[in-house]
Structure formats: C-alpha cells, structure tokens
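A.B. asks: Produce the entire structure from the sequences given, and follow the hints as far as they go.
Be aware that the sequence shown starts at 731, since it is given in the working numbering, and climbs by one per residue.
Hints in this document: simulated from the structure, not taken from any laboratory.
Errors might be hidden in some of the hints.
What the hints assert, rightly or not - Quick list of simulated restraints, FRET-style, between CB atoms: (1) T742 x L792: 42 to 48 Å; (2) T762 x N855: 38 to 44 Å; (3) G859 x Q808: 44 to 50 Å; (4) E804 x Q856: 22 to 28 Å; (5) N841 x T811: 18 to 24 Å; (6) R893 x G826: 50 to 56 Å; (7) E804 x G826: 18 to 24 Å.
Don't be surprised by glycine CBs; every beta carbon is placed ideally from N, CA and C.
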Amino acid sequence: PLPDKDLWVRRTALASELDEAQWTVAQRLATTRLLVLRADPEPGVELAHDTMLTHWERLRELTTRFREFRAWQEQLRQRMTRWSADGRRRRRLLAGTELRDANRWAGRRGNDLSGGERHFLDLSNQHRGWRTASAGMIAGGAMGVATAGVATYRSTAEQRAGRAGRGLVRRAEQPSGFE
Numbered sequence: 731p732l733p734d735k736d737l738w739v740r741r742t743a744l745a746s747e748l749d750e751a752q753w754t755v756a757q758r759l760a761t762t763r764l765l766v767l768r769a770d771p772e773p774g775v776e777l778a779h780d781t782m783l784t785h786w787e788r789l790r791e792l793t794t795r796f797r798e799f800r801a802w803q804e805q806l807r808q809r810m811t812r813w814s815a816d817g818r819r820r821r822r823l824l825a826g827t828e829l830r831d832a833n834r835w836a837g838r839r840g841n842d843l844s845g846g847e848r849h850f851l852d853l854s855n856q857h858r859g860w861r862t863a864s865a866g867m868i869a870g871g872a873m874g875v876a877t878a879g880v881a882t883y884r885s886t887a888e889q890r891a892g893r894a895g896r897g898l899v900r901r902a903e904q905p906s907g908f909e
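C.D. replies: See the structure below:
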C-alpha cells in the first residue's frame, strides 16, 4: 500500500516468504494467468497486472479491508531487511512500542505472517526477555552491593562506636588526680 488510501502497487512475494501450501497455490494460479512467477533475483510470485488491484472488485475490497495490516507488514519487512543487511545485530530487532505493535498484529493476523517474519518477532521477544532479565540482574546486583555496603558501614560504625565506648569506660575507671 501507498500513503494515498486509493493507491496500491503490486509486490513480488518471494518464495521464501511463503509456506509450502501457499507456494503451491501461487503456482496453480500462475497457470490461470492471474499471477506471474518470477525467477530473478530470487523465486517469487506477483499479480499479473496492476489493473487487477483497481478493476477486480473482490481484490479491491480485500486490499481495503486489510490495508492497515499490510502497511504494517511492509514496514516489518523493511525492518527485517535492515536487520539482515546490518549483520543481524540485536540492536536492529524490534523493541518498545514497535515490538508491542508487532505482538498485537501477530495475535490478530499471525497466520498471515511468513515464517521469517514470525522468526524475527520471536527473536525480538527473546531479546526483550534477555534485556529484561539483564536489567533485573543488574538492579539486583546493585541492590546487593548497596545492601552489603550499608551492612559493612553499619558494622564498621558499630565497631568504632564500641571501641570508643570501651575507651571511655576505661578512662572513667582510671583514677584521676582530682579526687
């Protein structure tokens, strides 16, 4: 989908984005000339012509109905492309509101996500769990260090106070020359 709500463009669905059943259906529809199979740069399938998006009533209804999801899905695919081009670094995974939105869409339309898209979402969720656990361990470690520091400080302070108190008692017990 394009930003203008009335404009659509066809997109090649890569064979790697489709499961076996979807690829079989695509090949079957290619024999009816509704779809065209592509080989370069990688195997895929697309609509035979852009006019199908505007002149085929049922297809136009479906594209309108699922426009928001498809726009989000295209953004997800672009994010996956950047992640892959950047060496699949963790910092390129989804986080925050992007991850929350992705989980919401996966809950609603999970069957419409490709295996690669689901994998990317799973990795993002795992990384979120790792970040959360790491933050918890760091916070827990900091609390442990702080508690140990306070306990050590108290213990040291108590020891000093005890020594000072014992010193005062000894002085008080010593005879003074003023009696």
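A.B. asks: All the hints need checking, so say for each whether the structure fits it.
C.D. replies: For each hint, the structure was consulted:
For T742 paired with L792, a C-beta distance near 18 Å fails the hint of 42 to 48 Å. Judged by the Cβ atoms, the range 38 to 44 Å given for T762 and N855 holds: they are separated by roughly 39 Å. Between G859 and Q808 the beta carbons are some 25 Å apart, a value that contradicts the proposed interval 44 to 50 Å. At roughly 24 Å, the beta-carbon separation of E804 and Q856 lies within the given 22 to 28 Å, and the hint holds.
Range check, N841 to T811: Cβ separation about 22 Å, and the 18 to 24 Å hint holds. Taking the beta carbon of each, R893 and G826 are about 54 Å apart, inside 50 to 56 Å as hinted. E804 and G826 have their C-beta atoms about 20 Å apart, which keeps the hinted 18 to 24 Å range intact.
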